[in-house]
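Model the full assembly from the supplied sequences, consistent with the hints where possible.
Number of protein chains: 2
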Amino acid sequence: METTALSRVDVDRAERRLAGRLWKTPVVRCDQLDALAGARLWLKAENLQRGGSFKVRGALLAVERLAAAGSRGVIAQSTGNHAIAVALAAAEHKLPTVVVLPSDAPPTKIRRIRETGAEAVLVGTTLAERVAVVEELRERYAYDVVDPYQNRDVVAGQGTATAELISQVAAAGGRLDAVVVPIGGGSAIAGACLASCGHDLAVVGAEPETVPAFTAALDAGGPVTVPARPTIADGLRPDRIGSLPFELSHRTIASVITVPETAIAEALRVALLHARLLIEPAAATALAAALDYASGHATDVGVLLSGGNIEPGLVASLLTDHSGRAR
Amino acid sequence: METTALSRVDVDRAERRLAGRLWKTPVVRCDQLDALAGARLWLKAENLQRGGSFKVRGALLAVERLAAAGSRGVIAQSTGNHAIAVALAAAEHKLPTVVVLPSDAPPTKIRRIRETGAEAVLVGTTLAERVAVVEELRERYAYDVVDPYQNRDVVAGQGTATAELISQVAAAGGRLDAVVVPIGGGSAIAGACLASCGHDLAVVGAEPETVPAFTAALDAGGPVTVPARPTIADGLRPDRIGSLPFELSHRTIASVITVPETAIAEALRVALLHARLLIEPAAATALAAALDYASGHATDVGVLLSGGNIEPGLVASLLTDHSGRAR
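Going down the list, the sequences are from chains A and B.
Quick note on numbering: the first sequence equals residues 1 to 327 in our numbering.
Quick note on numbering: the second sequence equals residues 1 to 327 in our numbering.
FYI, nobody ran anything at the bench for these hints, they're computed from the structure.
Be aware that a few hints might be false.
It does not matter which identical chain is meant; a pair holds if it fits inside one copy or across any two.
What the hints assert, rightly or not - Using 25 Å as the maximum straight-line C-alpha spacing, the simulated DMTMM-like pairs for lysine to aspartate or glutamate come out as follows:
{"hint": "1", "residue 1": "K24", "residue 2": "D300"}
{"hint": "2", "residue 1": "K94", "residue 2": "E139"}
{"hint": "3", "residue 1": "K94", "residue 2": "E119"}
{"hint": "4", "residue 1": "K94", "residue 2": "D321"}
{"hint": "5", "residue 1": "K94", "residue 2": "D34"}
See the structure below:
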């Protein structure tokens, strides 16, 4: 692992390496969400991306580099989307893959991983438990680990989602004041900070109120583990920010918004019914933060809708009230 | 009303008139739907359009022409989306609007109309019942009628959705063999036939098995009224094809696929869970037909996902089985 800092140049390079290999996901506008936000929202629909999330960007680059270096196989731990992305990327290179997920990961995400032929190991609920198993597997198989937060290709690759959003808005004649990105382990926010360099743009992070790992890291001056409380935003459950993402983002980030569970659920519902996009709760966390932040702070706000891998049953329950009636 | 035939030139002119006034909706790709289809599907996501459907294209042009001619107000009959579109367009010109819908039109569609300030009259379930009320209202108010099938601006405007799809696919390096379009009163299929002129492209229509109005018109050599049987595709309930759309499309159309209700529901579900797009049953009828048609007939199939105005309760019910469990 190189130790020099990443920069905008690395995101630009990542964009060139990825050219033509992914869907160019649209930036969606919606009058009704704009009315709710009191500002123009520009929704980067990475829920429509290959593998159902923006994580495939970094995974493709990282796995490609390992494959070129003669890797025998890859291991990744993740709450789900990074694992799906690594499994898809490794399948392209016919590399054996083992991924480590929380034992209560969404069945939809587990199924997508197994469809690629990768092995999925389910263990515990915390980051530390998964990391311990990754170490064990690495020693057993001599495979390479694709870390979701510390890998430079991963962070630069994730930054291309924000870079693409910024250029798509410019191509449509707009100019973003701010971009709102969900915070799990930190690769999206770090990538967004890199991508925003040279643009006059506030980078805003969104994390569940129940897992305020970035807020805690800012208070402590560095990554700390926060108590693991439940959130429907399964993708934002990492209870500690990666040190590389924190280092890359803590000076640039304009603010971190902690989002209550009810606001995450409501944002998911309005994205579906007004913007007609199915997003997962992690993406809804960013949308909820954007709805909260936009009014008064900005006229044009980009939102990274990070993914769309969600359980059908959760969607159904958000569309019906407690008595089973549609709402 | 002019009586000369419409042509590709009218669609090109409509595109220029609409430039910059609507969302440029994306063409969405999805590996999982491609696998189901056995071909590449290019999904024109007009469910993300202003007003939630492609109908705003024709309505904007028609209402603008009436406003310029000094109209006192407008009247439209519709199963829902044309009425929403006319109401939105008329609101831009501050023209009073009355729309006539079936008495069992989806509440979501009725609400959207009333949000624009338009008056919604609910009557009967058949086209003939609505047309009779439109005549009555026209005499009472001296407003202008924006017919959803016979108006030339409407048909040319609806054609811009297919024209845009064809150019977006070309810009992405693809080439369509076929385009699949839902058939209600016929404006979408007529517009698609106009837009496809000069392209080597099969235009395929999709209608519910329970309302085979185009199939019946082809058999009879002209529009006939078919018995009104129920369909979840509320937008495709017109029981008779408009004469202008039939005239413009019956020679060009390559085939008409009649889609069973179960296939419409299943297509809606896979669009949501795989492509992460919320579409209404009319759009799902086109997707179902495309899934049926693609394999064996074509390698690249465009699908007009016509709209996304759907009841939350219907979505919830499609995501759960009879026992209320997620499926």
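Hints, one by one, checked against the model:
1. In this assembly of identical chains, the alpha carbons of K24 and D300 lie at most 25 Å apart whether taken from the same copy (21 Å) or from different copies (18 Å).
2. Taking CA atoms no more than 25 Å apart as the test, K94 paired with E139 passes inside one copy only; the shortest distance there is 21 Å, against 72 Å between copies.
3. Within a single copy, K94 and E119 get their C-alpha atoms as close as 13 Å, which meets the 25 Å cut-off; across copies the closest is 61 Å, which misses it.
4. With identical chains, the CA atoms of K94 and D321 are never at most 25 Å apart, being 46 Å at best within one copy and 37 Å at best between copies.
5. Taking CA atoms no more than 25 Å apart as the test, K94 paired with D34 passes between copies only; the shortest distance there is 22 Å, against 44 Å inside one copy.
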